[in-house]
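2 protein chains.
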Amino acid sequence: MRLALLAAALLLAASSATAADTRIPAKALEQAAQLRERALADDTGWKVTESLTTEVGPRLAGSEADARAVAWAKAKFAELGFDRVWTEPVTFPKWVRRSESAEVLGPHAQPLAVTALGGSPGGTVEGEIVRFADLAALQAAPEGSLAGKIAFVDYQMTASRDGSGYAQGGAIRSRGPSAAIRKGASGFLMRSAGTDNHRVPHTGITRYDEGLTPVPSAALSIPDADQLGRLLARGPVKVRLAIDAGWDGEYTSQNVIGEITGRSRPDEVVLIGAHLDSWDLGTGAIDDAAGVGITMAAANLIRQLPQRPARSIRVLAYANEEQGLHGGKAYAERHAANAGRHLLAAESDFGAGRIYAFNTGAPEHARAATRQIAEALAPLGIEYAPGKGGPGPDIGPLAAKGVTWAWLAQDGSDYFHLHHTADDTLDKIDPAALAQNVAAYAVFAYLAAEAEGDFGSQAKPAP
Amino acid sequence: MRLALLAAALLLAASSATAADTRIPAKALEQAAQLRERALADDTGWKVTESLTTEVGPRLAGSEADARAVAWAKAKFAELGFDRVWTEPVTFPKWVRRSESAEVLGPHAQPLAVTALGGSPGGTVEGEIVRFADLAALQAAPEGSLAGKIAFVDYQMTASRDGSGYAQGGAIRSRGPSAAIRKGASGFLMRSAGTDNHRVPHTGITRYDEGLTPVPSAALSIPDADQLGRLLARGPVKVRLAIDAGWDGEYTSQNVIGEITGRSRPDEVVLIGAHLDSWDLGTGAIDDAAGVGITMAAANLIRQLPQRPARSIRVLAYANEEQGLHGGKAYAERHAANAGRHLLAAESDFGAGRIYAFNTGAPEHARAATRQIAEALAPLGIEYAPGKGGPGPDIGPLAAKGVTWAWLAQDGSDYFHLHHTADDTLDKIDPAALAQNVAAYAVFAYLAAEAEGDFGSQAKPAP
Numbered sequence: 001m002r003l004a005l006l007a008a009a010l011l012l013a014a015s016s017a018t019a020a021d022t023r024i025p026a027k028a029l030e031q032a033a034q035l036r037e038r039a040l041a042d043d044t045g046w047k048v049t050e051s052l053t054t055e056v057g058p059r060l061a062g063s064e065a066d067a068r069a070v071a072w073a074k075a076k077f078a079e080l081g082f083d084r085v086w087t088e089p090v091t092f093p094k095w096v097r098r099s100e101s102a103e104v105l106g107p108h109a110q111p112l113a114v115t116a117l118g119g120s121p122g123g124t125v126e127g128e129i130v131r132f133a134d135l136a137a138l139q140a141a142p143e144g145s146l147a148g149k150i151a152f153v154d155y156q157m158t159a160s161r162d163g164s165g166y167a168q169g170g171a172i173r174s175r176g177p178s179a180a181i182r183k184g185a186s187g188f189l190m191r192s193a194g195t196d197n198h199r200v201p202h203t204g205i206t207r208y209d210e211g212l213t214p215v216p217s218a219a220l221s222i223p224d225a226d227q228l229g230r231l232l233a234r235g236p237v238k239v240r241l242a243i244d245a246g247w248d249g250e251y252t253s254q255n256v257i258g259e260i261t262g263r264s265r266p267d268e269v270v271l272i273g274a275h276l277d278s279w280d281l282g283t284g285a286i287d288d289a290a291g292v293g294i295t296m297a298a299a300n301l302i303r304q305l306p307q308r309p310a311r312s313i314r315v316l317a318y319a320n321e322e323q324g325l326h327g328g329k330a331y332a333e334r335h336a337a338n339a340g341r342h343l344l345a346a347e348s349d350f351g352a353g354r355i356y357a358f359n360t361g362a363p364e365h366a367r368a369a370t371r372q373i374a375e376a377l378a379p380l381g382i383e384y385a386p387g388k389g390g391p392g393p394d395i396g397p398l399a400a401k402g403v404t405w406a407w408l409a410q411d412g413s414d415y416f417h418l419h420h421t422a423d424d425t426l427d428k429i430d431p432a433a434l435a436q437n438v439a440a441y442a443v444f445a446y447l448a449a450e451a452e453g454d455f456g457s458q459a460k461p462a463p
Numbered sequence: 001m002r003l004a005l006l007a008a009a010l011l012l013a014a015s016s017a018t019a020a021d022t023r024i025p026a027k028a029l030e031q032a033a034q035l036r037e038r039a040l041a042d043d044t045g046w047k048v049t050e051s052l053t054t055e056v057g058p059r060l061a062g063s064e065a066d067a068r069a070v071a072w073a074k075a076k077f078a079e080l081g082f083d084r085v086w087t088e089p090v091t092f093p094k095w096v097r098r099s100e101s102a103e104v105l106g107p108h109a110q111p112l113a114v115t116a117l118g119g120s121p122g123g124t125v126e127g128e129i130v131r132f133a134d135l136a137a138l139q140a141a142p143e144g145s146l147a148g149k150i151a152f153v154d155y156q157m158t159a160s161r162d163g164s165g166y167a168q169g170g171a172i173r174s175r176g177p178s179a180a181i182r183k184g185a186s187g188f189l190m191r192s193a194g195t196d197n198h199r200v201p202h203t204g205i206t207r208y209d210e211g212l213t214p215v216p217s218a219a220l221s222i223p224d225a226d227q228l229g230r231l232l233a234r235g236p237v238k239v240r241l242a243i244d245a246g247w248d249g250e251y252t253s254q255n256v257i258g259e260i261t262g263r264s265r266p267d268e269v270v271l272i273g274a275h276l277d278s279w280d281l282g283t284g285a286i287d288d289a290a291g292v293g294i295t296m297a298a299a300n301l302i303r304q305l306p307q308r309p310a311r312s313i314r315v316l317a318y319a320n321e322e323q324g325l326h327g328g329k330a331y332a333e334r335h336a337a338n339a340g341r342h343l344l345a346a347e348s349d350f351g352a353g354r355i356y357a358f359n360t361g362a363p364e365h366a367r368a369a370t371r372q373i374a375e376a377l378a379p380l381g382i383e384y385a386p387g388k389g390g391p392g393p394d395i396g397p398l399a400a401k402g403v404t405w406a407w408l409a410q411d412g413s414d415y416f417h418l419h420h421t422a423d424d425t426l427d428k429i430d431p432a433a434l435a436q437n438v439a440a441y442a443v444f445a446y447l448a449a450e451a452e453g454d455f456g457s458q459a460k461p462a463p
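Protein sequence lines, in the order shown, are assigned to chains D and V. Going by the UniProt record's numbering, the letters in the first sequence line up with residues 1 to 463, in that order. Going by the UniProt record's numbering, the letters in the second sequence line up with residues 1 to 463, in that order.
The shape of chain D in the complex, shown without the other chains (with noise of 0.2 angstroms):
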C-alpha cells in the first residue's frame, strides 16, 4: 500500500514535468556558459567594491556619507552604462553615534574596547557586572535582580560556513537589552557577535521593546569579553560604561535602481542587489560593498552581450539595510503590486566569500529549471540545494508580497570575523572570490530572463 502510493507521488512528479513547465533554452544556456567564463576574467566587481569603499567609505544610514553613497551609486550605475537610473526614496528614524568608552573600575582598572549597538541612547551608567552565559539565562535571573547592575551576556559565537551561529549571537544584540531592562538593569553589554580575536568590537542593530526605557547597550569585543570573564572569576568587577548617542529625528534616503532593460518583455524583471549602507565602523567592505559590486558587475556583463536578455535585469542598491531593512521594506511596498513582474529575487549580503549552494523558493513547475540554473552554476563550484535556503535580508519583504526567492550561498566562514566592525575593509576581499560570485549572479540572472515560463511568482491579495 505505502509503496503504491509512493509510485503514484513518482508518476506525479514526473508527469508534473510537463510542456507547462519552466524550462531555460538550450540557447540560453550556451551563452552564460560564455557569461560565467568572461565573467571570472572581469575585474569589474573589484572596481566597484574597491570605488564605494575608497571613495565613500563608512557610509552609516543617516549621515553625511549616506547622501554621498547615493551619489556615487547613481553615478556608478550611468557610467557602466545601465540602460535605465533611478531613485526611490526611503525614509527612516536616525540614528548617531558621538563617542563610546567603558572602563573597569577599582584595583584592576583599564579600558575595555566596546561599541554601542544601534539604537543605543546615551548615558552614563556604573553598576556591577552580572555575567550571563546565553540569553535564555539572562531571561531566567529573578525580576528585580539586577537593578543598579549591568548585565553582561558572554556567548560566545562559532564560526561555520553557513553563520548559523549568528542565530543566538544575533538575538542576544537584539533582544538582550531589553530583558537585561526587564530585571532592572541600568546597563547592558555582550560578548560581540562574532568569530575573531581581535579588539574590534561588533555593532549592529538593537530593538528595545515598548514601554521600556532603554538603557545604555554596548558590545565588547572577544578578547574584551575574555578579559572581563577572566576578572569576574576573581571577584566582583564594576564597570563604567559611557555612551554619546541616540535617535535624532527622520532622514530620507534612497534606494538607488540601474536596470538593463529586456528585449522583450522589459516589464519583466530579475531582481538582484545588495544595500548600499554600511555600519561607520569599518569601510563596509563586505557589509554590503561587495554584493554592490557583484551585482552592479553581473548585470554589467550581462549589457555587455550582443543582445539584451528577453526580460530586465534590475540591481538594486538598498537604503538602510542595517537599522530594519528600510529599503527593503520600501520598494516591498512600493511594488507589491507588481510581485507577479518579479520572476526572482536575489541579495548578496553575507560577504564576499565563494557562493556554494543555489536553490530558488519556486514551485514545482519552475523546479527543473531552477536545476537548470544550477547546473550552469556547477562549473563555478556551486551545489544544487533543493529544499535550502531563503530570502535575503532585503527580499524578505519583497517575498512576503509574493516574489520568489533565489539563494546564492556564499562561504560565511570568516564573515563573522568583520562583520559590523571597523575590521570590515577592502583588503579582506579575495578578487577571485569576488569574480566567482559575479560569474555566478551574472549566470543565474540571465537565465532566469530568458526562462520560459515563471518562477512562481504572484501578487499576494491584500490583507
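If a hint is listed, it holds; no wrong ones were tucked in.
It does not matter which identical chain is meant; a pair holds if it fits inside one copy or across any two.
In silico DSS-like pairs for lysine-lysine, Cα to Cα no more than 27 angstroms straight-line:
id, residue 1, residue 2
1, Lys183, Lys238
2, Lys238, Lys428
3, Lys460, Lys329
4, Lys238, Lys47
These are computed hints drawn from the structure, not numbers from a lab.
For this one, chain D is given, so just place chain V on it according to the hints.
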C-alpha cells in the same frame, strides 16, 4: 704557507680546549634534562602571564598602572617563594596619551584609525598628504618642500622569524618625524611598523632631534595606510590629525628583582628577565608579560630543585623599556662595577613564540660550555647558532659594561602582527609555546649557574 698558518690556528683552537675552559658538569646536565621535562608540564609561566595581563592590564610607564605593576611583581616573586625580592628606582620623563584622531577631509571624508607615537606632542594639524615610499625617500625630499603639509611614510614591513623587517619599520618611527620636520612638515604619519591587516595601529616611541620643534606624529593602521594610498592615487588628499598627548614631568618607577640564592657562589648571578611596562593600547601580553612569565617561571622551577644551583639566578622585571630602556640603563649603571659577577644575561622580549636558536657572546674559552648548553636545549627544537645573536634590549646597556649576553631566539613570525597594538592580549599566546620558552630559560639559567668557569664577563674600566 697559508696552509701552515691554518694548521697552526687549528692547533691553537684545539689546544684552547684545555682544563682552563669553562665546562658544565655532567651531573648538572642530568639535572637539566629533568628540569626541561618538568618545565614542559608546568603552567606557572602561563599563570604569571595571565595574572599580570588580567590584574594589571595595560601598564604604560609612569601611569597609575605602572605602580600597580611594580606592586604586582613584588607580590608575585614573594608568592612564588623567591629567596630575595627587592626594587631599585628608575627615574624617567613621563609621557601621557589623552586622545588621538585623524580624518580625511573633503569629498571622500572619512575617519582614519591612528595612534600617536610615544613622545609626540599634542596639537591639531590639517594639511595635504605627501607620500614617501620609505625613510630614504623622505630624507631625499627638497628642503622646505613639506611646508604646511603632512608627511606620510608608507613603508610595508615584511614578517620574518627573526623580525628583521623591524629594522626599517622601527627606524621610520624613530627618525621619520625629525626628517619630516627638517623638510618643513607640520605633521607626520606612517604606515604602522607591523605585519597584520587589522584596524589596530602600532604605537612606539619616537624621538625628536635636538633643536627641532616637535610636530604631532602618529601611525595609521595597515588597512588605513592602504586606504590613504588608494585615495592618493585619485588626487590630492587633505587630512586633519588631532593629538592630545605630551610630556608631563618626571616619574620614578622601580626595577623589581627576585633572586634564587646560589648555594656556593651567591654573589655571582645568572641574570634573566623581561620588561614589566607595556604600551597602553593592549594588555602587553606578548610585549612583555610573556617574558615576565617565562623568566619568573624558569627561575621558580630551579628554586624547586632539591638544592640551589652554585650561583644565584636573578630575575629582573625592568621598568620602562618601551620609552628608552630606562630600566636596563639604570640597572647597568648601578651594577657596572659588578659586571664580572654577572655570568650571563638574557632578556625575553620578543613575544611568546617558540625558541629556535641559542648562542652566547662568550669568548673562546667558554664556547664549549655554550655548546653544552645548546645541546641540552636541542630536545626543545633549539639549534646552536654560533656567530649569531646579540643582547636583548635591556641587556644592551649591561653588555656595554662588560657582561656577556645569552641569546634565546624566539620565533617572531607573528610578533609584529600584535606588537604595540590594542591586539596584544593574552588570547594571542599559545600556552605550549610559552612552556617551551620556560623550559629553555630554566635549562639555560641552571646550566650557566652550575658552570665550572666563567663566560667572559668582566667589568670595563670607566671611560
